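Got chain A; can you put chain G on it based on the hints?
Protein chains: 2
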Amino acid sequence: MRLSRSLIPTLKETPSEAQIASHRLMLRAGLVRQTSSGIYAWLPAGWKVLQNISRIVTEEQEAVGCQAMLMPTIQSADLWRQSGRYDAYGPEMLRITDRHQRELLYGPTNEEMLTDLVRQGVKSYRDLPQMLFHIQWKFRDEVRPRFGVMRGREFLMKDAYSFDLDYAGAVVSYRRQMLAYMRSFQRMGLKAIPMVADTGPIGGNLSHEFIVLAPTGESQVYFDAAFEKLDFGGDTYNAFSDADLERCYSDLTTHYAATDEKHDEAAWAKVADKREGRGIEVGHIFYFGTKYSDPMGLRVAAQGGGDLIPHMGSYGVGVSRLVGALIEAFHDEAGIIWPDSVAPFPAVIVNLKPGDAGCDELSEKAYAAFKGQALYDDREERAGAKFADADLMGHPWQIVIGPRGAKTGTVELKRRATGEKVEVSLEDALAKIAG
Amino acid sequence: MRLSRSLIPTLKETPSEAQIASHRLMLRAGLVRQTSSGIYAWLPAGWKVLQNISRIVTEEQEAVGCQAMLMPTIQSADLWRQSGRYDAYGPEMLRITDRHQRELLYGPTNEEMLTDLVRQGVKSYRDLPQMLFHIQWKFRDEVRPRFGVMRGREFLMKDAYSFDLDYAGAVVSYRRQMLAYMRSFQRMGLKAIPMVADTGPIGGNLSHEFIVLAPTGESQVYFDAAFEKLDFGGDTYNAFSDADLERCYSDLTTHYAATDEKHDEAAWAKVADKREGRGIEVGHIFYFGTKYSDPMGLRVAAQGGGDLIPHMGSYGVGVSRLVGALIEAFHDEAGIIWPDSVAPFPAVIVNLKPGDAGCDELSEKAYAAFKGQALYDDREERAGAKFADADLMGHPWQIVIGPRGAKTGTVELKRRATGEKVEVSLEDALAKIAG
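So the sequences go chain by chain: A and G.
So that you can map any letter, position 418 of the first sequence is 418 in this note's numbering, and since no number is skipped, the others follow by simple counting.
So that you can map any letter, position 173 of the second sequence is 1173 in this note's numbering, and since no number is skipped, the others follow by simple counting.
Some hints could be false.
To be verified - If you want the footprint, here are the derived chain A segments under chain G, 3+ residues with CB under 8 Å:
| no. | stretch |
| --- | --- |
| 1 | 14-28 |
| 2 | 35-42 |
| 3 | 63-69 |
| 4 | 72-78 |
| 5 | 94-107 |
| 6 | 113-123 |
| 7 | 226-234 |
What the hints assert, rightly or not - Estimated spans, in silico, between C-beta atoms of each pair:
| no. | chain 1 | residue 1 | chain 2 | residue 2 | range |
| --- | --- | --- | --- | --- | --- |
| 8 | G | Ala1301 | A | Glu62 | 36 to 44 Å |
| 9 | G | Arg1278 | A | Glu246 | 56 to 64 Å |
| 10 | A | Thr97 | G | Gly1384 | 57 to 65 Å |
| 11 | A | Arg278 | G | Arg1415 | 56 to 64 Å |
Said to hold, decoys possible - Simulated crosslink set (DSSO-like; lysine-lysine; CA at most 27 Å straight-line):
| no. | chain 1 | residue 1 | chain 2 | residue 2 |
| --- | --- | --- | --- | --- |
| 12 | G | Lys1012 | A | Lys123 |
| 13 | G | Lys1123 | A | Lys12 |
| 14 | A | Lys386 | G | Lys1123 |
| 15 | A | Lys123 | G | Lys1386 |
| 16 | A | Lys371 | A | Lys421 |
| 17 | A | Lys274 | A | Lys262 |
| 18 | G | Lys1138 | A | Lys138 |
| 19 | G | Lys1229 | A | Lys123 |
| 20 | G | Lys1123 | A | Lys353 |
| 21 | G | Lys1191 | G | Lys1229 |
No lab work stands behind these hints: they were computed from the structure.
Bear in mind the structure is a predicted one, so any value in this text is a computation, not a measurement.
Don't be surprised by glycine CBs; every beta carbon is placed ideally from N, CA and C.
Just chain A, with the same shape it has in the complex:
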């Protein structure tokens, strides 16, 4: 994209309403704008980040056999009465009345709706297990929205739901999701640790939350250094091997890890190689048995005759929250430092003198090489302002083109994460970026 023709309104000043780094930087880098309390519009660069995260999450969900679908945002209150949650949910639920005075709500989660869909479509043990997910906008009417997209009211979530014949099957689904989570976060460049969690309003008796490490995170976390050695890439664990899933689960749950809420000093004392840090919750998974399937009447024909009640689990990732969490994990005083996998643009091309024939020609050549996927800073601005914006926006690579270098086809290539700069030919710069 050409920056002069893009809606990426960077700000020099720090907005006064923003209390944490990610909120400040998302506003300053022109990723989002608040449109009402706790509700944000995703401007072009922010939307690209959100899509990159969604793509990684989708690929890793599908890689463990979870089917993509999409449920609607507006749900019927009657459905929530079937599970007993309509009255239990409290004022976070946005309740709506339509023109015919029917009671609706803006869904905060989808256990009831998917249980109903499976109840309609799945009749036999032969059709199970089923695991489905969607990436969907949800609404929770937070009493005091704050911290930008980290605690907004309208937010994007990946929520998956599993339906199994029995407890043993549900445990396999649970472990499969756990592996998908670890792979997703690793691909985003994040270090994530699952921690035993309370099951809260969703209910059930097996639950983990996923905490990603970030120096400015919301809670203090304590963990065994063994977590630093785990690797979820490639073929480390096969999602369709029960033995691999068990090994993965064991690797993730044997060592000590806790947030300050659940911290146990006695157990902590026994950890040989201790790590402490700050963390942000970005996911939460639950096994809850027949909590929804039983009262909602989900039954399938059992193999030997008769009916069985499927065992369920649900698995959430805060997709819009992850944008904030990534910035908390990756920033410095000058701005954001995007990991390559989620960056809105792989590189920015900084034309130091638009209007200079040599600069324009070499810049256009660089821009064409990225087939429109890079950001081209073609604005008539001071070099200092352009450098500051490039650092602020956090593109992994900066290709700086000035009149002197343009004469010989030379650019300055800067890696945002390290600050390292080299003077090279455009071709060498492109080769280095391509990896």
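Chain G in isolation, oriented as in the chain A frame:
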């Protein structure tokens, strides 16, 4: 996907509530399920179609320089008071009150919100033109929702907005969108015709609606056969050449075309080569000058000093409606006939005898060749039921594998659109599908 592990609940019977072909077939093929009046869940196969359409629309929007973004579904009533539309909109607008008694609404369109964002982020003539779009769920509280996704309450729309320095610039943006629309519909296999339209509640003085031809369409349309010869693929028209845009506009607006509402018998009598048919509205574009920018106070610094009021247009495509329109255009008595570009799966692999070693082996080999993108009918069902479901779901290709053919690696390859069947080796079948 393996059909035995997928939530694609096909129905043998025609649901009584469905009055039109697309509604019947979307339910019968397991693409969607209604969750409340006029609100649908998109099951895995339906969601794939919706994503394929969204991808085509996105690519063609970006190809004419339109930036992708995403605005929230919930808007503040105050914003709509600034344009005067809050009171004017009527009971189709879903009005909501939050826990602090603030008035919100579920957005039916986004002129106000984007005007506000541009007002915050764009200050100078140097930053214009700007053209942005999003593909977003919207809500219109139809008094009597019907025809499935063709007239639902929660629906997916692509809406784009342009901001130009003056009328001449706005006309260029308008023509660019028109070209993007014709390219999008052509890629979906649809024949679309723009027709002069009333500007309605959005206002303005230049407007076209896009009607796609379908034998079971909602309105009668009359058009010059010249439209049948137009081609928008490849380099026919360059979206960044004003001369090409003018030629494209002229090619699309010179010849007679009208729905029965606007039909003019006198003009029709002069058409040499007449065509009549049925059509469905799938898009509507508007130029409306300063209707929103003026009252909402959007001003940018003009080149010679002083301020100017940008000229705007908006451009809608009914993305979820297109799923219905495509089925109205492409079906027969047995079911849907998906065009390749939007089909949920390029092919179905029909294993006639699961459990037979030869059938299983050849079917798995075929399935592996599609890298998980094909549908594998591995269910224990009668052959007749599998053939009926394959025709119903409308996969472009059917690869039928039975015990006799499996011995020699032979499959029956059927093209859904023509009914043509050939017995070939699996390799030849795959080569033929690859094109």
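> Tell me, which hint numbers fail for this structure?
Replying inline: Hints 1, 7, 8, 10, 19 are the ones this structure does not satisfy, whereas the remaining hints hold.
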